[in-house]
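In order, the protein sequence lines correspond to chains U and Y. The first sequence lines up with residues 1 to 150 when you count with my numbering. The second sequence lines up with residues 1 to 380 when you count with my numbering.
It is possible that some hints are incorrect.
Quick list of in silico lysine-lysine cross-link-like pairs, BS3-like style, CA-CA up to 25 Å [as the list claims (entries may be wrong)]:
hint : chain 1 : residue 1 : chain 2 : residue 2
1    : U       : K82       : Y       : K64
2    : Y       : K99       : Y       : K246
3    : Y       : K18       : Y       : K310
4    : U       : K139      : Y       : K307
5    : U       : K89       : Y       : K64
6    : U       : K3        : Y       : K99
7    : U       : K61       : Y       : K64
8    : U       : K3        : Y       : K310
9    : Y       : K64       : U       : K125
10   : Y       : K99       : Y       : K360
Read the hints as simulated data drawn from the structure, not as lab findings.
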Amino acid sequence: MTKEEMITWILGIEPAATTDDTGEWLVVQVPVDKWKNFAACIHKGPPALDFLFCLTAVDWKTHLCVVYHLRSSRTDETMVVKVQLDRDKPQIDTVCDIWRTAEFHEREAFEMFGITFHQHPDLRKLILPDDFNGYPMRKDFEDPVNMIKL
Amino acid sequence: MYAETQIISSSENNPQLKEGQLVINVGPQHPATHGVLHLVITLEGETIVKIEPHLGYIHRSIEKMSESLSYRQFIYVTSRMDYLSAHINNLGCALCVEKGMQIEVPARAQAIRIIMSELTRIASHELWIGAMAMDLGAMTPFFYTFRERETINDIMEQTCGARLTMNYMVPGGVMYDLHPEFVTRVRAFITQFKDKVTELEDLVTNNIIFRNRTEGIGILSKEDAISFGCTGPVARASGVDGDIRKRFPYTGYEQLDFEQCLHQAGDSFARYIVRIREMYQSIRIIEQLIDQIPEGDFQAKTKAVIKLPKGEFYTRVETARGELGVYIISEGGTTPYRIKYRSPGFSNLSALDHMARGSKIGDLMATMGTLDLVIPDIDR
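Please build the complete structure, drawing on both the sequences and the hints.
Structure representation (structure tokens):
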């Protein structure tokens, strides 16, 4: 499937999505309230984007952005989905019932960026200790013992 | 929190447990976890009900550190992630920088990179077989595998100056040219490997105890492997053809003749056999290159200070454990704005609970051992 065909397919699923095909892969921006439904549709396909190979978040200082890298396990279609979140109250629906690998990755994004994933079965800290304060991967995080910044 | 975790708690003092269930802790200091992994296991009799991994004992925040390091420096930190695939981690980062800068890598450097990557893969698999067999109670294979691994380490030491965290890949090529004895020693290693690997196969592959303990244990279906984001030998043992070297070739793998090792069974023994066959394929790749390493530069000319253009770059490489993704977001400065390492072990570990549920606690070591977990890679 070419990028143009994918854009038509995506806009058919979600007219509110914006696309950018200038890079190596197609980048799709989806509004946060439409994300869950959109995720279920692209997982079903065709082409079934059933392999979530990277899930991460980025702090853009004005807002947070969750980035999903998806590809099909049978064909080579790859897509990057970005969802913008409010920085003061970042909330998004979980997708770990669709791609089960998201469970761990979402827990990591939760503790590092403070993003709440609704309906996540077990949203606790995974890497950091339970009594740790702050979200270390955010840009305004000040490391109290100055060990990370060189 | 960890201090107050009890060694064994019964259902009487833990209301979340049902009648007859108990919780045991494996790790953080346990010989079979090969690092500081902490598993909290809920048992019903001998049957595993739930496994909860607790991570972070050696979390060094490499992603945050990389944000304040230059594009030449951050590569060296990644050797400390999956220390058994140090070359391949470095390669993934170097490729990402090269992609952003559009640097053309000389043919000699590409050949050296592939040979080094495959030697690393063999060394990593050798160590894994030794350690895994030891987890299951076999002591001898450990010495056999370390003999071969030692030869590779000596070869690495001669050219790179280090035996474990090599830091040999740089943006644009490799750091130094090969040692004059490199080719002879690698050829000698190939002969030695082919001769000695049969010993290992006799000792482990055809061992009835080993087979009984691994066959049909820790089964991961193809659908689950995809859903859990498993990559590398773990996914290939379940029939997922996701070898990055084949599907999305990089640094010249597309010109080489090798097979992707697939297995359909998805059990612990399949994961073992996939790794054994992968070592043979790695030898096949090295044999194709070792006699015809192109002459020429080993490093492209690059600027002293690298500034990546504004944008996002993602590269993936096949480490000994699976797919390593390097995601760089650049704002045009001398340091990255954000780096994410998609480590293979992190996703593979997430499948452990699913794989081990319902099996006996004694089989956990066979299941966990064949996942080939390297904890610094998971924690980062």
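Comparing the hints with the structure gives:
{"no.": "1", "hint": "K82(U) <-> K64(Y)", "verdict": "holds, 21 Å"}
{"no.": "2", "hint": "K99(Y) <-> K246(Y)", "verdict": "holds, 19 Å"}
{"no.": "3", "hint": "K18(Y) <-> K310(Y)", "verdict": "violated, 55 Å"}
{"no.": "4", "hint": "K139(U) <-> K307(Y)", "verdict": "holds, 20 Å"}
{"no.": "5", "hint": "K89(U) <-> K64(Y)", "verdict": "holds, 22 Å"}
{"no.": "6", "hint": "K3(U) <-> K99(Y)", "verdict": "holds, 21 Å"}
{"no.": "7", "hint": "K61(U) <-> K64(Y)", "verdict": "holds, 15 Å"}
{"no.": "8", "hint": "K3(U) <-> K310(Y)", "verdict": "holds, 22 Å"}
{"no.": "9", "hint": "K64(Y) <-> K125(U)", "verdict": "holds, 18 Å"}
{"no.": "10", "hint": "K99(Y) <-> K360(Y)", "verdict": "violated, 47 Å"}
Violation of the numbered hints given earlier is confined to hints 3, 10; the remaining hints are satisfied by the structure.
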